[in-house]
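From first to last, the protein sequence lines are chains Y and L. According to our numbering, the stretch in the first sequence is residues 1 to 193, in order. According to our numbering, the stretch in the second sequence is residues 1 to 249, in order.
Calculated directly from the structure, the hints in this document are not laboratory data. Hints should not be assumed to be uniformly reliable.
Said to hold, decoys possible - What the simulated footprint calls covered on chain Y by chain L, stretch by stretch (three residues with Cβ under 8 Å from a Cβ of chain L suffice, anywhere in the stretch; the number is not a length):
| id | region |
| --- | --- |
| 1 | 81-91 |
| 2 | 125-132 |
As the list claims (entries may be wrong) - Which chain Y residues stay away from chain L? Per the calculated CB distances, all over 10 Å, these:
| id | residue |
| --- | --- |
| 3 | Y31 |
| 4 | P34 |
| 5 | S40 |
| 6 | I41 |
| 7 | T44 |
| 8 | R46 |
| 9 | D68 |
| 10 | D97 |
| 11 | D99 |
| 12 | G100 |
| 13 | S101 |
| 14 | R103 |
| 15 | A149 |
| 16 | A152 |
| 17 | P161 |
| 18 | G184 |
Predicted model, so just to flag it, every value in this text is computed and none were measured. Yeah, the Cβ is synthetic: ideal placement off N, Cα and C, and Gly gets one too.
Chain residues, written in single-letter form:
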Amino acid sequence: MTTTSERLGLTPSQTVGPYLSIGLTWEDGPYVVPEDTPGSILVTGRVYDGQGQLVTDGLVETWQADPDGRFAHADDPRGAVESQLPGFRGFGRCNTDADGSFRIVTVKPGPLPTPDGDTEAPHLNVSVFARGLLDRVVTRLYFPDEAEANAADPVLNAVDPDRRATLIAEATPDGYHLEIRLQGENETVFFDV
Amino acid sequence: MTESVRTPSGLLLPRYERPLGVHPELLSPEYRSTVLRAPSKPLVLLPHNLTEITGPLLGSDRISETDNDLTRQHDGEPVGQRIIVHGRVLDSDGRPVPDTLLEIWQANASGRYKHVVDDWPGPLDPNFTGVGRTVTDSLGRYRFTTVRPGAYPWKNHHNAWRPAHIHFSLFGRAFTQRLVTQMYFPDDPLHQYDPMLITVRDEKARNRLISRFDMETTEPEWALAYEFDIVLRGSDATPMEDPHDDDDE
Chain Y
1 MTTTSERLGL TPSQTVGPYL SIGLTWEDGP YVVPEDTPGS ILVTGRVYDG
51 QGQLVTDGLV ETWQADPDGR FAHADDPRGA VESQLPGFRG FGRCNTDADG
101 SFRIVTVKPG PLPTPDGDTE APHLNVSVFA RGLLDRVVTR LYFPDEAEAN
151 AADPVLNAVD PDRRATLIAE ATPDGYHLEI RLQGENETVF FDV
Chain L
1 MTESVRTPSG LLLPRYERPL GVHPELLSPE YRSTVLRAPS KPLVLLPHNL
51 TEITGPLLGS DRISETDNDL TRQHDGEPVG QRIIVHGRVL DSDGRPVPDT
101 LLEIWQANAS GRYKHVVDDW PGPLDPNFTG VGRTVTDSLG RYRFTTVRPG
151 AYPWKNHHNA WRPAHIHFSL FGRAFTQRLV TQMYFPDDPL HQYDPMLITV
201 RDEKARNRLI SRFDMETTEP EWALAYEFDI VLRGSDATPM EDPHDDDDE
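From just these sequences and the hints, can you work out the full model?
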C-alpha cells in the first residue's frame, strides 16, 4: 500500500536560534506532574558546549512513561491508559538559565517492553534545543539505582561501554542530576532518532 | 500510522522513517555557533520503541483566543505588513496531522525580537510580542495572522543578515515527529547568503522551507497570505524482506 513515488518530502529542521525563550517558555513547563505529587522527584541538569562553557540559551524537553510504564496514547498497542497519577503529563520542558541549568519535576517512569521481547530500564527521552544546534539532539536519562534493569537495557547495551555512564544520572537529595556535554571530553551519547 | 511489523514479543508498533539527507548536518561551520555545540561523535541508532512512537498530545487547552492572531494581543495594532500564514501539517504518507500544537515566534516588522538579548538598533513595537500558538484542525490545517517580520543583522560574519523568517515548533503525534524549523518568504534576496538556510544542502528540501505567496487566500483590503505546509515523518517505507534481517537495532 505504500506508494513510494508519491511520498511527500520532509520539512527540514532549523535551529531554534538565540531567542527561543520568547516562543517556547511555558510557566508550567517543568511540571511533568503537579508540584505536590507524592513521590515526585526533581530532575536537574546542566548543558555544556565543547569548551566546557555553560549553554545558557537552550531548552531541554523530556518525554516518559508513567510509573506503571504506560502511555495515554493510542499508538501504544497495549492500549492508551490514563495515568493513575492525577495531572501526569509525561512531557517536561525547561529553558536553561544563566547557570546552564534546567529542572523538571516528575516521577520515575516504569520499565517498558520492547518488540524484541527485551525490557527497557526506566528512562526519560531528553531533547536539547539551542542556538548552534541545527536539529535537536536526543539523549536518554537512566537512573543510578536501577543497576540490574540498566544492565539488561537493549539501548544502553548498544552504546560503547566506556560512554554509557554519560546516560546515567547522579542521585541527589531530592532526585537526580544529569550533566549534558554537547561535545568534547565525556561527550554525552546522542541518538539517531 | 498503519505500517506495523510483527515481533517476537507480539507488540506491534508503528514504524517511522528515518530522514536521510533532509536535515542539516549538525556541524555546519558556516553557521559559527555549530562549531562548539555540534556533537563530535557519531549518533547511536535509537530503535523506535514505546517511548519513541508515543509523544505528548498537547491540544486546545493550551490555547487562548488571540494566540493565533499576533496583531490582536495588545491594545493597539502592530506596525508592519499584515499577513496570514496558513497551511497544513501532514506526514510524508500524505496523511493530515490533526489536533497538534504549533508554536511560532518571530521578530517584529523592523527585525527586532522582544528578547533581552536582542539589542540591535531596530525599534521595538509596544503592540507586538511576536509569539503565537494554535492547534491544527481535523484536516491538519492551521492559520495565523501576524505582520511580516523584518530582516535583521547578526554577528555570524561581516555584514551578516538573516532573511525574514518565522520560527515554527511542532510536536506531531510521536516523539519521532518533533520538529523545530523556520519558514522563509519567497523572493527574499538574502536566502543565498544565509548560513542557516544553506545548511539544508538539498535544494528541493531547502525550497520546502520557503512559503508560497497565496493570492487566493489574500484578503481584499486586509492582508496578504502565505502558504506553508509542514511535512513530518511518516511510516517507514523500507520493504521488510525478512524480519530476521532487520538490523535496525
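Evaluated hints:
1. 81-91: Three-residue rule met by the region 81-91 of chain Y, so holds; n is 3.
2. 125-132: Per the Cβ count (6), the hint holds.
3. Y31: Since the minimum Cβ distance to chain L is about 13 Å, Y/Y31 lies beyond 10 Å and the statement holds.
4. P34: The claim stands: Y/P34 keeps its Cβ more than 10 Å from every Cβ of chain L (closest is about 15 Å).
5. S40: holds, 18 Å
6. I41: holds, 18 Å
7. T44: holds, 21 Å
8. R46: holds, 14 Å
9. D68: holds, 12 Å
10. D97: Given a closest Cβ separation of 13 Å, the condition holds.
11. D99: Non-interface label on Y/D99 holds, nearest chain L Cβ at 16 Å vs cutoff 10 Å.
12. G100: holds, 12 Å
13. S101: holds, 17 Å
14. R103: Y/R103 clear of chain L: closest Cβ-Cβ about 18 Å, beyond 10 Å.
15. A149: holds, 14 Å
16. A152: holds, 14 Å
17. P161: Holds: least Cβ distance 12 Å, greater than 10 Å.
18. G184: Y/G184 is in fact no farther than 10 Å from some Cβ atom of chain L, at 7 Å.
Comparing the model with each earlier hint shows a violation of hint 18 alone; every other hint is respected.
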